[in-house]
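> Next come the chains, spelled out residue by residue.
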Amino acid sequence: MKAVSVKNASMHFGDFTAVQDVSFDVGEGEFITLLGPSGCGKTTLLKMISGFLQPSSGIIEIGGKDVTHVPPERRDTAMCFQSYALFPHLSVADNLQFGLKQKRLLTAERKQRLQDVATKLDLTAQLDKLPNQLSGGQQQRVALGRALTMRPSVVLFDEPLSNLDAKLRDSVRMEIRKIQRDYNLAAIYVTHDQGEALAMSDRILIMNNGRIEQAGTPHEIYGTPNTSFVADFIGDANILDAEVIGEEGAGRWRLGTQIGELIAASAAPPVAKTLKVCWRPEKAQFGPGTENTITADITHRAFQGNYTDLFVMIASAPQRVQWRDNAVGLADSLTMHIRPEDIIFLEAIA
Amino acid sequence: MTWRSWLKLGLLLAPGLGLILVFIGSVVYIAIAQSFGLFSLSGESEFSLEYWSRMFERLTYNRAIGYSLYVGFASAFLAVLFAYPLAVWLRRPFPGSLTISAVLKAPLLVHGLVAAFLYVNIISYHGLVNQIMQGLGIWDGPHRLQNDSRAIGVLILQTWKNMPFALLLLVGSVSAISDDVLDAAADLGAGPFARFRRVIAPLSVSATQAALVIVFVGALADFSFQVIAGPVNKQSLSQLMVFFKGYGRWHDAAVVAVTLMGLGIAGSALLALVSRFILRGGRLS
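Keeping their order, the protein sequence lines are chains A and B.
Throughout the first sequence, residue numbering follows the working numbering, covering 1 to 350 in sequence.
Throughout the second sequence, residue numbering follows the working numbering, covering 351 to 635 in sequence.
This is chain B alone, in the form it adopts within the complex (with noise of 0.2 Å):
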């Protein structure tokens, strides 16, 4: 290439490289640098790596990046293990099938904070689960759902909220496959489980990662859901983020961030790999 492609080239690049280079890199540049000390906005600038060797040790932050993986993790593996037969099922338009499908994606319209709220009133101790299980006699009183300590309220609010944008995803890739390769398989004596593990998982694979992925960072560093629906005794990563920016420990705020992000692309880089593997059968390529 002469220097004026070159030239050219990066013209035509600027807009986006400048967006991600000067909002989205500044941003992250600022972290990393404050979680060595540096870019301090109560004090002294100084580079240490004492902030990361404090946190590490903390008992809290430890657990808090089990947790935050724990959800990440089970709540994009949940909103694709739900989404998937759906995209089957609506892979081809049948009466209802629009309806349907409208239905399903309505939590995309629903502001998390404002589900988490229907939730918990739905499960507080004088809510409706409670009253229509008294009712029926199963449980003799009412039951502390709420806030539980395995966080079954965050992974049920998660996947609610996470599923229809999974099978926005999954419903393109999968209705994309042509019916001939599926009544292919058929005719070589593929049933329908085969269909989907032999055509159907290894064609959608991209999607079930971007699904996977994306599912995964949002989870990762919930806060909203956390903070109505989860345990009391498990902080998330983002909940330490913002109880050490509130008492203005902006240093360690930055070491959660970054270790955010970390997480975020390391489990990000692994759920597309395992997908990958387990949906291809055993191979990577």
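Just chain A, with the same shape it has in the complex (with noise of 0.2 Å):
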């Protein structure tokens, strides 16, 4: 059974369209990610999805029934807010159980999933204070506790964990996943952070200029974009111009770029006979190799703590290399090779 369909679904506001044409589905407790530049129209998707926004056209169903025009507060989600959005004047407690009370649930009830969810959140202490006296790791809490009250089919989220520093995101992002799994729950997630999507999801949907630019699970958003824009979106990558020169056997092709020739390995084939093709800074092998060697000159070297980010030359076009050793040294160039299924097609060069 799916928790959400979204289907055809567009969003225009005047001219400007937010987005375009939008289909998917989210699974029963499958946890997936809207990613992409601000202005891509994942907020507005998730805005259409909660009910805050009327899809200009198109379906949104939720457990299998068409909401596309009932309001927020009659369809089963829950959303927890980049600003937390904690009613002010209410107690911890009274915020958690604003849904419930608006559901007219049975004291009793009421009380014992406020007591569940703080308990899970480790929020107990904090029932009777304002939102105003908590940590903002405490107030993001929170939001996600009155989420988790409702029990809703699907919990939205829209990038909640931008406004924490970096150690706490990492704990918080944790816990969100294990909380989504332990409600098995039907997760929507937004955010431009690639590294929050890598490490959460089930399933990636990369949206650029309000379409989905590609879906696939973090591994395959990863080990093979299809585009030069979700290859550069997540993680980094040197994308090339690329002719085919020919074949080199099954599922081997021999490319002209601006860095020489090279060789590529590939199950699907290319796109096309001129496109574009990428392959990741980390992916460089230090020193020559059977085949791809090239040797680059040093421009710049930042340590990056783990590994050092050399910017090279290779014959003049600009190229990142991450090496993991730092013994790099003081050299001016460095010879290395790229391994062929390292090297991936992305679209036909218009």
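Don't take each hint at face value.
[What the hints assert, rightly or not] In silico contact screen, one side only, chain A against chain B (beta carbon under 8 Å); selected entries: (1) Leu53; (2) Glu220; (3) Tyr222.
[To be verified] For each label pair, taking beta carbons as the anchor points, the in silico distance ranges come out as: (4) B/Ser355 x A/Ser135: 32 to 42 Å; (5) A/Leu105 x B/Gly446: 54 to 64 Å; (6) B/Arg630 x A/Gly136: 19 to 29 Å; (7) B/Gly446 x A/Gly195: 38 to 48 Å; (8) B/Glu394 x A/Leu130: 53 to 63 Å; (9) B/Ile380 x A/Thr124: 32 to 42 Å.
[To be verified] Here are some chain B residues pointing at chain A (derived, C-beta under 7 Å): (10) Leu399; (11) Val531; (12) Ala534; (13) Ala536; (14) Gly539.
Keep in mind the hints are simulated off the structure, nothing from the lab.
Yeah, the Cβ is synthetic: ideal placement off N, Cα and C, and Gly gets one too.
Both chains come to you apart, so use the hints to assemble them.
Structure (structure tokens):
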């Protein structure tokens, strides 16, 4: 059974199209992330699912029911807002029970759910406090708890960790994922943080200009991006224009690029004779190889702790290499090779 | 704090405190003193409770208290009642909202006396309302609408004049509530009325209290609307005060003035408490 189905949904604001013909499903207990740069339409899409925005066209189903024209208060969703959106005049306990009182649940049931969530989110000691007496992490937990007490079919997260510092973000991220699994909730998570998306999601939907550019598991998205936008947005990528010169046996192609001829190995053939290809900076292998050996001039180096970022020039094309071995030294150039299977075919060049 | 800090604080507060103590404090003091027979302008000054005891026995005075309280409370309630939905409606800008907002605030620019005369012209025996009602065939002949005994005219004028002021206060407060907070309430199952009752009203309680209190104090001490459009068989406390003053009975006038001040404070406190209690869903904290 699908928890959420979005079918050909579009959203126009006057002449501006925020979301264009988007379709996807979310299964029960599945955690999917809408990832994209600011203004790509991900929050608009989330607001369409929650009911705060009426789609200009298309259908939204929750639990198999068409809710396209159902107001937010009658949808079986709960949302965690970027700003937390806690009710400042209510105590933590009242915030957590707001939706339950609205649903007119019996007092015993309400108290049971409150206790359950407060214990799970470690909020028992904060129940009598007002939101402004809590830290950012605690406020985030209250926002999450307020959504969880409702036991909705789907929880919607609108960049909920963006106001937290890096360390806290990591721990709350794990907490959210654990709770989502414990309650077996379907979750739609909006973020522009690729690390967050890769770490948390069962599936990622990359959005660009109101459309879904690519959908897949974190490994698929990172390992086999379809377009240069996805390759560049998720992780770092060296993107090159390439021309297919010829086939070098089954699943192997010879390419002409700005950095010289390269051999690429892929199960899927290139989409066109001239196309974009990419390789990840951390895939460069130190020293010469049997194929794709390259000599690069190092123009700049940036120590990153557990690796060093090397900005190199290969035949006048700036590229980036990540070196795990920090003992790369102060050499002006380096020899490396790229394995054919690490070169990824992207979209055709128009 | 050291004596230097106290001195600095005192000097910083002096301009404000001076104004309050000299201009307001002295007037209040003189009014209270006069109500007890002191500061006499037309005879010997002597402390006495006679003016108060005589006033309490006077039917006109007791009826004026009831009438002024009625006008004060009803005007405050009606002004806020009309201003609240408008404030919620004008919370976020939309095409034309600026014009609507400006038109709604127009009464602030019209003097109360002018408004009262305009109103009287409209409702007079041969005025616009009577002509329209007869023209439509609803009334056979003209009705007497002016100076009605229930002070409906005064309440209409008070509401018309004070609603924009309440609106100014409420729009500021309601606009400060973030969209996310209201969206969160909707997401948790609160419909429009529940959002108003459980989120907007409690979060705008201070502005509501301010609007209620300011409109109440103004309407309680109303003179101009009462004289022009008010009932002829009832006097407001202000009218009574002016009546005593006109006959040189300064001590009696002072008793009425102090009564007005006392009722203003007590009524304001009551309104503030009751509105807080109601808007916070039965809680004062």
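> Does B/Leu399 pass the interface hint, meaning its C-beta sits closer than 7 Å to a C-beta of chain A?
B/Leu399 check fails; min Cβ-Cβ to chain A is 47 Å, beyond 7 Å.
> How about A/Leu53: closest beta carbon in chain B under 8 Å, or not?
Check failed: Cβ of A/Leu53 comes no nearer than 10 Å to chain B, outside 8 Å.
> Tell me if A/Glu220 is really an interface residue toward chain B, meaning its C-beta lies closer than 8 Å to one of theirs.
violated (32 Å)
> Does the beta carbon distance between B/Glu394 and A/Leu130 stay inside 53 to 63 Å, or does it fall outside?
Between B/Glu394 and A/Leu130, where Cβ atoms are some 60 Å apart, the hint holds.
> Restraint: B/Gly539 near chain A, CB-CB cut 7 Å. Satisfied or not?
With Cβ-Cβ at 4 Å, under 7 Å, it holds.
> Could you check if B/Val531 really has its C-beta closer than 7 Å to a C-beta on chain A?
holds (5 Å)
> Given the hint of 54 to 64 Å, is the C-beta distance from A/Leu105 to B/Gly446 inside that range or not?
Given range 54 to 64 Å: violated, Cβ gap about 42 Å.
> Are B/Ile380 and A/Thr124 spaced within 32 to 42 Å by their CB atoms?
At roughly 60 Å between Cβ atoms, A/Thr124 and B/Ile380 fall outside 32 to 42 Å, so the hint is violated.
> Look at the Cβ atoms of B/Ser355 and A/Ser135 and judge whether their distance stays inside 32 to 42 Å.
Hint holds: Cβ distance 34 Å, inside 32 to 42 Å.
> Can we keep the A/Tyr222 interface hint, with Cβ of chain B closer than 8 Å?
violated (32 Å)
> Was the hint right that B/Ala536 lines chain A, CB cutoff 7 Å?
holds (4 Å)
> Hint says 38 to 48 Å; check whether the CB-CB distance for B/Gly446 and A/Gly195 agrees.
holds (46 Å)
Hints 1, 2, 3, 5, 9 and 10 from the list above are not met by this structure, while the remaining hints are.
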